[in-house]
Amino acid sequence: MLVEACLSGNPTAFGVLVDSYEGKLFNVALQITGSRDDAMDVTQSAFVKAYEKLHTFNPSYRFFSWIYRIAINEAFNLTRRKGASSGLDPEMALVKGDPEQLASEHELRRQLHRALGELSPEHRVVVVLKHLHGLSYREIAETLGIDEARVKSRLFGARQRLRQVLEKRGVTA
Amino acid sequence: MTDQDLERLAWERLDGSISGEDDARLDALLAADSSASLRFEAIQELARGLSMVVPVSPPAELRPRIDRAVAATSPRWRRPIVRVGVWGPRLAYLAAGLVAGAVAVRLLLPVPVLDRDLASGAMITGSARPTAALELDLGGGGTLAMWRNGAFVNLDLSVQASHQVEVILEARPGSLSIERVTLGGGPGAEAAADGAAVRIRTTGPGRCAIALSRDGEESGIVVRVASDGVFLAEREVRPEELGVHR
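Going line by line, the protein sequences match chains Y and X.
Read in order, the letters of the first sequence are residues 1 to 173 in the numbering used here.
Read in order, the letters of the second sequence are residues 1 to 246 in the numbering used here.
I should point out that these hints are in silico values taken from the structure, not numbers from a laboratory.
Here the structure is a predicted model, which means the values were calculated and not measured.
Virtual Cβ for every residue (Gly too), placed ideally from N, Cα, C.
Honestly, I wouldn't trust all of these hints.
Some chain X residues judged to face chain Y by a derived CB distance under 10 Å, without partners named [to be verified]:
#, residue
1, Arg-13
2, Pro-59
3, Asp-67
4, Ala-132
5, Glu-135
6, Leu-136
7, Arg-201
Chain X side only, calculated, beta carbon under 10 Å to chain Y, not exhaustive [unchecked claim]:
#, residue
8, Glu-21
9, Asp-23
10, Arg-25
11, Ser-37
12, Phe-40
13, Ala-69
14, Trp-77
15, Thr-131
16, Leu-134
17, Ile-168
18, Ala-197
19, Val-237
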């Protein structure tokens, strides 16, 4: 609906789309690039590309899959250009829970972020889409343009690697 | 069952995608093997740890950056493209954008009747408009009437909105040219032909009558409407819709 409104000349429709997806795209980009500045560049670039290519969006697909894919590709391209990211900024995520829990979980959070940073961008993105954005296998498949079996196998590999990294560091998740 | 199988089943259960049969297999394994049970608990803890990661708010400066970058782009779909469109649904935006200033007061001045020498390209004005003229409703912001008159296509554009309205007519390149423009009143309107397109711009309520000459009539004319630079609606007018008036 919003895409159609935008293509029909409604000047505020694209702004509503930006409102809806700015945070999500920024977080995906942040997890892939590991840098706030790069994530901002990626998010901006993804919205510009989406706006330019809006007429090519196929409404039989979900908009979030389409725009996530643009952002993820932008993030991958940026990390390839700059070389693999060296890890995630430990301050870039928060922890759910009450203040007492925060202290005891701080170390786990820090280690988890470091371990996530050691995953390849391809592995990291499936973990982020699954656990941070709560997408289903099918939604991840649509977003990444791969089949569900591939999503499952990539996610399995990513989680195994994550656990290995944590175990190697003596962290029991 | 290998460690890999256990891990796969554990994640499938935690993801909620495990089959009934595998679920039962996993339960049996966890009940029978304490090391498998410990491994499952470790995986559960990892899943819990991942669930603690929550999105962060984007920096405040990001949104204005996006807005500026988007505003600076000129996507292909916003540039003039000749295509058959649907007038109706898009007019909702015209209504939203234009009707606000278009109160019921009619500010239009009468258009002088100049319907004397059609063959020479003189104007047919609103008052001389045939009843069979095609009238396009600009969503309450005005109307555009079109009709054929021999070798000419006559337009009677009546705008009530206080915004700038632009009407663009496109046909086969080089086939449209302006014969005459008569402004009927209001703050102003201008018309210009540039190759394949004739552009009429109004800057407020008013009326404008235009005679176009056509070189060939086999193709339709695409009418596009914009307000304050924002594309609003598009419709292709087929030759047979313009009728014949002599």
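Satisfaction of the Arg-13 of chain X interface hint, Cβ to chain Y closer than 10 Å = Nearest chain Y Cβ about 13 Å off; hint violated.
Status of the hint placing Ala-69 of chain X at chain Y (closest C-beta pair under 10 Å) = OK, holds: Ala-69 of chain X within 10 Å of chain Y, min 5 Å.
Ala-132 of chain X as chain Y interface residue, shortest Cβ-Cβ below 10 Å = With Cβ-Cβ at 30 Å, over 10 Å, it is violated.
Chain Y contact restraint for Phe-40 of chain X - C-beta distance below 10 Å | Violated, about 12 Å.
Quick one, is the Arg-201 of chain X hint okay against chain Y at 10 Å, beta carbons?
-> violated (16 Å)
Minimum beta-carbon distance criterion (10 Å), Ala-197 of chain X to chain Y | Cβ of Ala-197 of chain X sits 18 Å from chain Y, so the hint is violated.
Hinted contact Val-237 of chain X with chain Y - closest CB pair below 10 Å = Violated - the Cβ of Val-237 of chain X stays beyond 10 Å from chain Y, reaching only about 19 Å at its closest.
Would the stated hint for Asp-23 of chain X survive a check requiring a Cβ distance to chain Y of less than 10 Å?
-> Violated, about 16 Å.
Do the numbers back the hint for Glu-21 of chain X, that is, is its least Cβ distance to chain Y under 10 Å?
-> Where the cut-off is 10 Å and the nearest Cβ of chain Y is about 17 Å from Glu-21 of chain X, the hint is violated.
Do the numbers back the hint for Arg-25 of chain X, that is, is its least Cβ distance to chain Y under 10 Å?
-> violated (17 Å)
Restraint check, 10 Å cut-off on beta carbons, for Ser-37 of chain X near chain Y | Interface hint status for Ser-37 of chain X: violated (15 Å vs cutoff 10 Å).
Closest C-beta approach of Glu-135 of chain X to chain Y relative to 10 Å, hint status = Constraint on Glu-135 of chain X not satisfied, violated at 22 Å.
Hint compliance for this structure: hints 1, 4, 5, 6, 7, 8, 9, 10, 11, 12, 15, 16, 17, 18, 19 are broken, all remaining hints hold.
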